[in-house]
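Undergrad: So the chains spell out like this:
Number of protein chains: 2
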Amino acid sequence: MSKKHDSVLPHALPIPVFNKLFGKRVVLASASPRRKEILNTYGLNPEIVPSTFEENLSKDDFPNIYEYPVSTATEKAVEVYERLVQEQPDNAPDLVIAADTIVLTRPTPPTSDVAHSLLPHTYPEVLEKPGTKEDNYRMLLDLNGQQCEVVTGVSIVYPILTAPGFQIKSLDERSIVQFSDNPKHLLEAYVDSGEGIDRAGGFAVQGLGGLLIAKIDGDFWNVVGFPAASFFKFLDLLIEEEEEFLDI
Amino acid sequence: MSKKHDSVLPHALPIPVFNKLFGKRVVLASASPRRKEILNTYGLNPEIVPSTFEENLSKDDFPNIYEYPVSTATEKAVEVYERLVQEQPDNAPDLVIAADTIVLTRPTPPTSDVAHSLLPHTYPEVLEKPGTKEDNYRMLLDLNGQQCEVVTGVSIVYPILTAPGFQIKSLDERSIVQFSDNPKHLLEAYVDSGEGIDRAGGFAVQGLGGLLIAKIDGDFWNVVGFPAASFFKFLDLLIEEEEEFLDI
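Which chain is which? The protein sequence lines are A and B, in order. Those letters in the first sequence? Residues 16 to 263, per the numbering used here, in order. Those letters in the second sequence? Residues 16 to 263, per the numbering used here, in order.
Keep in mind that the hints were calculated from the coordinates and are not lab data. This structure is a prediction, so every number in the text was calculated from the model and none was measured. Hints may contain errors.
With beta-carbon atoms standing in for the labels, derived distance ranges [unchecked claim]:
hint: 1; chain 1: A; residue 1: Thr67; chain 2: B; residue 2: Glu257; range: 54 to 60 Å
hint: 2; chain 1: A; residue 1: Ala46; chain 2: B; residue 2: Lys74; range: 35 to 41 Å
hint: 3; chain 1: B; residue 1: Ser195; chain 2: A; residue 2: Asn55; range: 44 to 50 Å
hint: 4; chain 1: B; residue 1: Asn71; chain 2: A; residue 2: Gln182; range: 55 to 61 Å
hint: 5; chain 1: B; residue 1: Asn106; chain 2: A; residue 2: Gly209; range: 48 to 54 Å
hint: 6; chain 1: B; residue 1: Ser73; chain 2: A; residue 2: Asn34; range: 41 to 47 Å
hint: 7; chain 1: B; residue 1: Glu257; chain 2: A; residue 2: Ser86; range: 49 to 55 Å
hint: 8; chain 1: B; residue 1: Asn106; chain 2: A; residue 2: Ala46; range: 44 to 50 Å
hint: 9; chain 1: B; residue 1: Val141; chain 2: A; residue 2: Asn71; range: 33 to 39 Å
hint: 10; chain 1: B; residue 1: Lys39; chain 2: A; residue 2: Asn71; range: 47 to 53 Å
With the Cβ distance kept under 7 Å, some of the chain B side facing chain A (calculated, not the full set) [to be verified]:
hint: 11; residue: Asp21
hint: 12; residue: Pro25
hint: 13; residue: Leu28
hint: 14; residue: Ile30
hint: 15; residue: Gly225
hint: 16; residue: Leu226
hint: 17; residue: Lys230
Here are the simulated DSSO-like cross-link-like pairs (lysine-lysine), alpha carbons at most 30 Å apart as the crow flies [claimed, not checked]:
hint: 18; chain 1: A; residue 1: Lys35; chain 2: B; residue 2: Lys248
hint: 19; chain 1: B; residue 1: Lys248; chain 2: B; residue 2: Lys74
hint: 20; chain 1: A; residue 1: Lys148; chain 2: B; residue 2: Lys248
Beta carbons are placed, not taken as given, at the ideal position from N, Cα and C, and that holds for glycine.
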């Protein structure tokens with residue numbers, strides 16, 4: 016047998032979740048170096064098998080928009096799980112983890128009840144990745160001095176004995192990001208740096224984009240891309256409550 | 016003249032504060048690798064000259080406890096500024112930065128007004144660095160499921176033409192840290208890791224300690240040890256408002 020990839024790093028705390036994951040095959044269905052780094056910080060070192068799922072779900076199919084990143088995460092995790100089982104039936108993963116992060120607008124509530132009753136109800140909108148610097152600047156002008164909400168959906172897939180042979184569990188974590196009232200020259204300089212291109216919402220909170228942010232109410236790492244503290248608490252709960260979890 | 020240390024890194028945004036700092040002698044009066052890293056993220060790369068100030072101010076001298084870390088930061092910055100001016104009068108620093116981070120308890124307010132009026136008013140207390148694992152465990156048991164407040168005082172010293180030849184400016188930034196209701200085995204495992212020893216409050220939010228935290232309301236980097244976003248906004252303001260700032 017080939018040498019096993021070590022999923023649990025020496026500095027991981029000896030708590031139930033890591034004791035249980037020791038020697039198991041853990042896979043992260045994401046190419047994001049940030050997600051891997053966050054998990055590494057806490058001592059989890061999954062194999063990286065990026066999903067080939069196209070992330071093409073239609074937002075309109077989700078009356079509850081928080082289910083949208085969770086569904087994308089689920090599709091990614093299931094695709095990777097099924098592919099790995101097919102490739103190596105004797106070496107099926109014990110746990111596949113996938114995540115998807117979206118940024119939502121937070122419409123400012125009207126300042127009077129009268130206005131409220133006359134206006135159509137406003138729903139949060141998904142802020143996509145800006146394709147151009149012009150897009151990025153417009154997006155940041157809209158966010159400036161305002162809040163947005165960052166939601167990461169996380170799904171895991173693990174084997175069970177009954178059909179279809181695997182179980183899916185999910186969580187979502189939500190964080191509020193408050194932008195400062197930034198001068199336009201700062202927004203322009205940020206956009207020019209190119210960091211915001213290809214980032215949901217047009218900014219990277221862990222990079223130069225941090226200069227634009229007054230505060231976060233929530234888990235900083237969730238805004239970066241993975242809600243690690245909630246995730247490990249969630250695994251601990253599954254160990255307590257689900258007999259088959261990591262025991263097959 | 017010897018090669019000058021470059022205080023502004025190539026990836027710094029071309030905004031007033033960095034344009035002005037370019038070619039200037041900037042000194043960080045702190046040995047903390049974390050503070051240096053945070054500043055580096057935003058493109059500031061100060062010389063490191065740790066202060067020899069003993070950090071022995073008496074908390075009891077501060078009716079307003081938020082002035083305590085600010086005063087410690089001021090003492091550090093002034094000590095380094097004066098020492099460097101004395102050592103090399105022709106190469107005085109243009110800017111010395113110092114910071115001090117403290118962790119405060121957040122007493123839960125009583126649940127009834129009657130109780131409130133009968134009880135002595137409770138003030139926040141400074142949580143010191145635990146000296147032993149037993150201390151660390153007791154501290155985390157107290158914090159578990161509760162909030163604490165992390166305050167970083169930042170002071171800068173820069174030359175002016177009038178006596179005493181330098182100016183001091185300060186800010187403080189406050190963030191609320193909410194601990195999860197962690198099981199005792201997690202607290203024990205964390206304390207055993209040794210990470211919390213010698214950290215104010217007994218935890219490191221950027222390390223394994225993140226597992227204990229439900230959320231932060233504020234600037235994550237402030238909790239790590241330096242409120243960079245506020246700091247650079249503060250320097251931008253000084254450039255606008257103080258004629259002598261970085262111009263002597």
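Undergrad: For each hint, tell me whether it holds in the structure or not.
TA: Going through the hints against the structure:
About 56 Å separates the C-beta atoms of Thr67/A and Glu257/B, a value consistent with the hinted range of 54 to 60 Å. Look at Ala46/A against Lys74/B: about 49 Å separates their beta carbons, and that is not inside 35 to 41 Å. Here the CB-CB span from Ser195/B to Asn55/A is close to 21 Å, at odds with the stated 44 to 50 Å. Our hint of 55 to 61 Å for Asn71/B and Gln182/A holds, since their Cβ atoms are close to 58 Å apart.
Checked against the hint of 48 to 54 Å, the pair Asn106/B and Gly209/A fails, with Cβ atoms roughly 36 Å apart. Taking the beta carbon of each, Ser73/B and Asn34/A are about 46 Å apart, inside 41 to 47 Å as hinted. Checked against the hint of 49 to 55 Å, the pair Glu257/B and Ser86/A passes, with Cβ atoms roughly 53 Å apart. Checked against the given bound of 44 to 50 Å, the beta carbons of Asn106/B and Ala46/A, roughly 48 Å apart, stay inside it.
For the pair Val141/B and Asn71/A, the beta carbons lie near 53 Å from each other, so the given range of 33 to 39 Å is not met. Between Lys39/B and Asn71/A the beta carbon distance is about 51 Å. The supplied range of 47 to 53 Å therefore holds. The closest approach between the C-beta of Asp21/B and any C-beta of chain A is roughly 18 Å, which is over the 7 Å cut-off, so the hint fails. Checking Pro25/B against chain A: minimum C-beta separation of about 11 Å lies over 7 Å; hint violated.
Interface hint status for Leu28/B: upheld, as the beta-carbon distance to the closest one in chain A is roughly 4 Å, under 7 Å. For Ile30/B, the interface hint holds, the least distance from its beta-carbon to any beta-carbon of chain A being 5 Å, beneath 7 Å. Using the Cβ-Cβ criterion of 7 Å, the hint placing Gly225/B at the interface with chain A is satisfied: the shortest such distance is roughly 6 Å. Because the closest C-beta pair between Leu226/B and chain A is about 5 Å apart, less than 7 Å, the hint holds.
Contact between Lys230/B and chain A, as hinted, is supported at the beta carbon level, the nearest pair being about 5 Å apart and thus within 7 Å. Between Lys35/A and Lys248/B the CA atoms are separated by roughly 47 Å; this puts the pair beyond 30 Å, and the hint is violated. Taking the CA atoms of Lys248/B and Lys74/B, the gap is near 29 Å; set against the 30 Å cutoff, the hint holds. Between the alpha carbons of Lys148/A and Lys248/B the distance comes to roughly 24 Å, so the proposed pair stays at or under 30 Å and holds.
Consistency with the previously given hints fails for numbers 2, 3, 5, 9, 11, 12 and 18, ordered from lowest to highest.
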